[in-house]
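Sequences and hints are given; from them, build the entire structure.
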Amino acid sequence: MQILSATLVLGLSGFLFALLLAFLSKKLKVEENPLIEKIFNLLPQANCGACGFAGCKAFAKAIVSNPKVFSPCISAGKTVNEEITKALGLKEVLSERSFVAIHHCGAEENEKKKSYVYFGPKTCKGANIIGVFDCAYGCLGLGDCVVVCPVRAITLKDGRIYIDHNICIGCGKCVKSCPRNLFEIVPRSKDLPTYFVACNNPERGANVKNVCRRGCIGCGICTKFKGSPFYLEGNISRIDYSKVMGENVLKEAKEKCPTKCIFNG
Amino acid sequence: MKDIITIFISAVFINNLVLYYFLGICPFLGVSAKIESALGMGMAVIFVITLANTISWLIYHLVLVKLGITFLTYVVFILSIASLVQIVEMVIKRFSPPLYKSLGIFLPLITVNCAILGSTLFMIAKDYNFIEAVIYGFSGGLGFTLIIVIMASLREDLDYADVPAIFKGAAITLITTGLFALVFMGFSGLISA
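Each protein sequence line maps, in turn, to chains A and B. Each residue of the first sequence is one higher than the one before, starting from 1 at the first, in our numbering. Each residue of the second sequence is one higher than the one before, starting from 1001 at the first, in our numbering.
I should point out that these hints are in silico values taken from the structure, not numbers from a laboratory. We put the beta carbon where it would ideally sit given N, CA and C, even for glycine. Hints may contain errors.
What the hints assert, rightly or not - Okay, the calculated beta carbon distance ranges per label pair:
id, chain 1, residue 1, chain 2, residue 2, range
1, A, Pro-179, B, Phe-1022, 32 to 42 Å
2, B, Gly-1169, A, Ala-18, 34 to 44 Å
3, A, Pro-150, B, Pro-1108, 17 to 27 Å
4, A, Ala-58, B, Phe-1071, 38 to 48 Å
5, A, Leu-19, B, Thr-1006, 36 to 46 Å
6, A, Leu-88, B, Gly-1186, 58 to 68 Å
7, B, Phe-1022, A, Gly-234, 16 to 26 Å
What follows is the structure, encoded as structure tokens:
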């Protein structure tokens, strides 16, 4: 008798719950854009997060709602990315890895003035609380970004951050890791190295010079060439990456920069 | 009334699910890196644990005891909790997208959270009546949330600390948890029961 009621109770409750679940999953189904499902199925579903989104599902959702943020999936091959481009209705097949990270501080350790010798935790997050260098905007040189980079494109040498643009996939993890917001994800320049201004100090030239030999003093020389993509944002020079860039102009600007703070990756 | 207050305080501070019974350690370590997600997890646990205790009490007393098959308690409870979480997830997804966004990823995680099953089994073992069982579930969840949020805020600050290399990560978290449990033992003089 007991064995009968036990079997019945367990079987029946299992059956009822299953029925209820099946019924509710039909009844409460949330209508999603079928394109999201389609793209999600195309993706490798490795959930590696290299695209900067929380997994393949989030990536599919994001690129369907705004195709502009689409940059090719790193885990997937070329054909898959072409299919996604087609599914999104984009004409041009975006070149693989179309974004790179740049770092807005080019000063080596001995080029920027130290406030004091720092003995605290060897992380930028910790050092940022008290400063370390006189420049309140520059790189702290303890390499929080080096650790988070999934492809190890970032190296730290003489207190300066180097990003290997051949390796960088533009995932944006370094952007989040930097307590001083020195990283920026920019479109990769086609057929030429990606140039960038390696300074983030918005103060006036004299003040910048007081704390760092490498900093951008806002002289504006780089903006004065014909067809120059440089422009002044307050007292720092920046590159407008939406402009068509000639390599000669960039090279010349790099040479003429009085503090030599224009780099190419 | 006095009983209920006793149950509440004892479940939140003294017989805390995490620190006294060592239940739910996995989500406790996994989701306590950031205060925000810890709070989300805590809320999901409060919600599910209260619901699970309610349903489990009903099933236990109205079905299992009546038929004399209380040895099925574990299986039936797991079954009902798992289904319950699935249903709750679907309902939330349909009717409250913002809530789903903040709780969503935690709900499937707590389906098999042992703190939930533990709470329902303790509630049976302690022979609570219906109201007491619901309160016990709720306060158990609240205790879990309290601990996980305090832990998350501690861990956020641990980033600044100069932890020796071998203690980094899970090790220092477990040590902190142990110290934490010792501190909470201090509450045990509060109620003699």
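*What are the numbers of the hints that this structure violates, sorted from low to high?*
Violated hint (a single one): 7; every other hint is consistent with the structure.
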